[in-house]
Each structure stands twice: as C-alpha cells, then as structure tokens.
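Student: Below are the chains, spelled out letter by letter.
2 protein chains.
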Amino acid sequence: MNEASALPQTGAELRAAVRAGRFRGATSGAAPDFVQTNVAILPRDLAFDFLVFCQRNPKPCPVIEVLQAGQVEALLSAPGSDIRTDVPGYRVYRAGALVDEPWNLGAWWRDDLVTFLLGCSFTFEHALIRNGIRVPYYGTCRNVSMFITNIQTRPAGGFGGPMVVSMRWIPRDKVIRAVQTTSRFPAVHGAPVHIGDPARIGIPDVQRPDFGDPWPPESPDDVPVFWACGVTPQAVAMASKPRLMITHAPGHMFVTDLKDEDLAVL
Amino acid sequence: MNEASALPQTGAELRAAVRAGRFRGATSGAAPDFVQTNVAILPRDLAFDFLVFCQRNPKPCPVIEVLQAGQVEALLSAPGSDIRTDVPGYRVYRAGALVDEPWNLGAWWRDDLVTFLLGCSFTFEHALIRNGIRVPYYGTCRNVSMFITNIQTRPAGGFGGPMVVSMRWIPRDKVIRAVQTTSRFPAVHGAPVHIGDPARIGIPDVQRPDFGDPWPPESPDDVPVFWACGVTPQAVAMASKPRLMITHAPGHMFVTDLKDEDLAVL
Chain A
0 MNEASALPQT GAELRAAVRA GRFRGATSGA APDFVQTNVA ILPRDLAFDF
50 LVFCQRNPKP CPVIEVLQAG QVEALLSAPG SDIRTDVPGY RVYRAGALVD
100 EPWNLGAWWR DDLVTFLLGC SFTFEHALIR NGIRVPYYGT CRNVSMFITN
150 IQTRPAGGFG GPMVVSMRWI PRDKVIRAVQ TTSRFPAVHG APVHIGDPAR
200 IGIPDVQRPD FGDPWPPESP DDVPVFWACG VTPQAVAMAS KPRLMITHAP
250 GHMFVTDLKD EDLAVL
Chain B
0 MNEASALPQT GAELRAAVRA GRFRGATSGA APDFVQTNVA ILPRDLAFDF
50 LVFCQRNPKP CPVIEVLQAG QVEALLSAPG SDIRTDVPGY RVYRAGALVD
100 EPWNLGAWWR DDLVTFLLGC SFTFEHALIR NGIRVPYYGT CRNVSMFITN
150 IQTRPAGGFG GPMVVSMRWI PRDKVIRAVQ TTSRFPAVHG APVHIGDPAR
200 IGIPDVQRPD FGDPWPPESP DDVPVFWACG VTPQAVAMAS KPRLMITHAP
250 GHMFVTDLKD EDLAVL
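So the protein lines, in turn, are chains A and B. At position 24 of the first sequence the residue is numbered 23 (numbering that gives the first Met the number 0), and the sequence of numbers has no breaks. At position 219 of the second sequence the residue is numbered 218 (numbering that gives the first Met the number 0), and the sequence of numbers has no breaks.
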C-alpha cells in the first residue's frame, strides 16, 4: 500500500511517516540499510526472566535495545522515537489471546511496560543480497518460510519452548558464502543453525511452513539453509500467556537509526 | 601458590580442586583453553537494571551466563558447579565497603541473590598468544595494566560511570592481527576500543595504571592498544553502593566448561 518510489529512505523518516499516518503496512524494503527490529512489550514483573531468556538464546533472541519500565523512546538506537506511535501495526494479547490490532498504543500504554527491541533477519538478508544471494520475497508482500523445530531453547523462569527457524534456498556454490556473510552479524541471528536436512531439526515438509509463505527451490542445486528466527521470542512469550503482551504486527517492524553495518563484528 | 605442573587442566578439575581447598589463588594459566569469568552477585531487585546495563555495554560487560535468584549451579556453562564454593577467592561488599574476603559463601548466601558470569580477557589473550603476540604477564602473578577512561558507559537505572580498559603493548606490525584476532570474540570484549593515543581516552600516563601492574613497552615500535575491561561492571555496580554485592577476588576467576573457541563467532 506504500509506493516503492515514495518509500522513506531512513529510519527517522519512516518513523515520522508512521507516526503521521502516512505509512502503513510491512516494512520490508523500506529504509534500506537501517536496522529493523521485532517488538515485544511485557509488564515489568516478567521483564527480568524474559531478558535472561534472551541472553541464554542469543541466536533466536538478539537484543538490540531494552527500554526500561515506562520508557517510550529508544534513546540508543532511535533517538526521538516513541514506541507507542512509531510501529506501523501492533498486536495486543491478553493471556495469549489477540484482543486488539491498534495503529497506536494510546489506549494500552502503562508505565510498568518494558519494551524489548529484538534483531530481525532483514539485516542479514541485505548482506546476503550484497553478496549475490537472491532473497525472492525481498521487497514483496510475501514472507520467508518459518518452521517450529525440535531444537529446544534454554528456558528461563516461565519462558521456554522450541526454536522457530526461517528457511532460505541457497545455491550449493553459495552456501559457504552465506555462512560467512551471516556470521558477521551475531547481533541479528548470526550463522545458520542447520544446513541441508530439514528432518534432522524436526521439519517434515519444507513446503508446509508453520508461519510465512511456502517457497519452492529455484534449482535442484538449491540447498535449504535454516537460521534462528525472531518469531521465537514472541512464540515463547505467548506460550507463557502473560496477562498483557504487545508486539508489532508480523512484518511491520520498528525501524531504528542504526545501520546494518553497525552490527557487523568483523 | 599452585605448582604449574599440578595445575588443573579442565574447568571441572579446577572447580573441584577449589571446592576441596586444594587450589587457592589466581587462575591465569590454569585450565588453559577453558573460559574464565568475572563474577558479580547482586540482590534480585537490582538484577534487571544491571542486566540492562550489561546489554547496553556489551564490550566491557559481556554476559556469559545469568543464574536466577537463588540458583547456585551454572547449568549452561558449568554443569555441576556451585557458585558458593567454586571460586578461588571472594570479596563481599556492603554499601560499597569491603567487609569480608571468604573462601566460600556459606555465611553470605541468600535465596534472593542473582549471579552474573561476565566474560574475561583471558579468552582473547589465549587467542593473541596463538597468533604470536606476547602477553608478558600470562601465567605469572602480575596483572595487566587497567585504566579508568573518559569513555562513558550507557547508563541503566542506577548503574553508570566511566569505562575501564586494559592496555597491552602490541608490536606495530601485529596491530592489525590483534584487531582481527580479538574481533572473533565479541562475547569477551571483542575488538579494541582504542589504538595508539592514551590521552585521547583520558589516560595521562600509561605507566601509572589505576588497577593492575605497570608494564613498559619492550620496543619503541610497540603501540599501546586498549580493550574494554571486565572490571567496568564491578566498578559501576560498586559505585551504586548496593546494600550487598559479592565478587570474585581480582584474578581469582570462576572457570567454566566452555572452551575459548566456543565463543568465537567466525
């Protein structure tokens, strides 16, 4: 619903457009090179256990910034932002049930809410593209394939459950490059968790994703490669049925002022 | 006080020797290749803010594991361990004042205490040595030079203050290799924070360290290189004068079952 030609080019422009109601919808392809994040907002009494859970599971749950109770501005990654207005789509859950999909959090915000900004695979997808590896859904309305695996996360407090992964078909002669490229970004899922055999991680059929859209391979030489996915922390938090939890709508990310390369370790 | 020939060779052996009273003293050079950690133990009501502080300052405060309130075993990094008995020297502070230096925490342990295991530069020092870069104090009773800088950490709650760095003289033709080598280990301080000009980071005299021992350069071609230091989180926590805080004695680290290479990202 947003014209590509008019897409905001920086995180600050995108957030301003969202706040003014000029931008709605998925953020893939908007503000290219700026770090986009998953959003999870929880009451303060759950925040420590959830942060420990993220620390124990850094591949699926890479923390970009934590906004302390009542804090609405991401001071470090997006100065001037307001988490109540700058996400282009929210979901509000009570005890695990979806109760609202507001455009802003005016009716829901409370001073005991702690916001977690969690890394998103868009960052390493940009890196894959720069390295000549095609990401077919990039900039489209369709989404990567995601699967619930038999890989268990390390629990903390009431949080735990299986890891969710995203899958991309990678040409066999680019698999090594894909590992190298994504290893540079440990703050946004990093290296793959598995290459080549979906059944080994509990995926019976790669054409039937648990979330997102199915993608067929483009060539018999394509290899399925799996990365830890930012859906994991949301799924894990939801499974604990917190009395209140707020997230972004799928694909409707919070966009920061950080550049993708700011997160590279080497 | 421990014979090098008899030094424990694994983290588990070292912890068993400490628990049995057979090992006392600094751990540099013991259990080579096993990850050693700084220890900070705080009451539960300070734990969330301290963990957010660490998340905001990952270079000086790399979290290896968090043991939740009352948990004494590092289940992930050192199964079978007991944080009350397995550190070869503790310090107990009340409101910032040192009140005890026990060999175990029998008299001090409480079920509301949260333990943070924080990365230590020993890991990347092993990597420097493997890359032909000398670390003159390695395996001796002397310590690296450490300095309080003018680099401010990003505060969280009541925690904040200047970054502490460690300094190593690196031959000019090995500086690039030192950056590459330590960049592989973002979980233990990672790449240097400064190369070459101590005054620029607020250090008036590299021969007068704030902590540790002074080290002269070995050659006029040696360059001073500075890394974020694990003393930072202790200094920051201490400055907030928590009513109770327990740490390891300097150089007397908690040794895990993780291998140094487990922490490498590439």
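Keep in mind that the hints were calculated from the coordinates and are not lab data. Each residue gets a CB set at the ideal place from its N, CA and C atoms; glycine is no exception. A few of these clues could be false.
[Claimed, not checked] Okay, the calculated beta carbon distance ranges per label pair:
#: 1; chain 1: B; residue 1: D111; chain 2: A; residue 2: A15; range: 42 to 50 Å
#: 2; chain 1: A; residue 1: R171; chain 2: B; residue 2: D204; range: 31 to 39 Å
#: 3; chain 1: A; residue 1: E72; chain 2: B; residue 2: A198; range: 53 to 61 Å
#: 4; chain 1: A; residue 1: P216; chain 2: B; residue 2: E217; range: 34 to 42 Å
#: 5; chain 1: A; residue 1: S218; chain 2: B; residue 2: T139; range: 42 to 50 Å
#: 6; chain 1: B; residue 1: L74; chain 2: A; residue 2: D44; range: 39 to 47 Å
#: 7; chain 1: B; residue 1: R23; chain 2: A; residue 2: A96; range: 55 to 63 Å
#: 8; chain 1: A; residue 1: E100; chain 2: B; residue 2: G156; range: 31 to 39 Å
Student: Which earlier hints can't be squared with this structure?
Tutor: Hints 2, 3, 4, 5 and 6 contradicted; others consistent.
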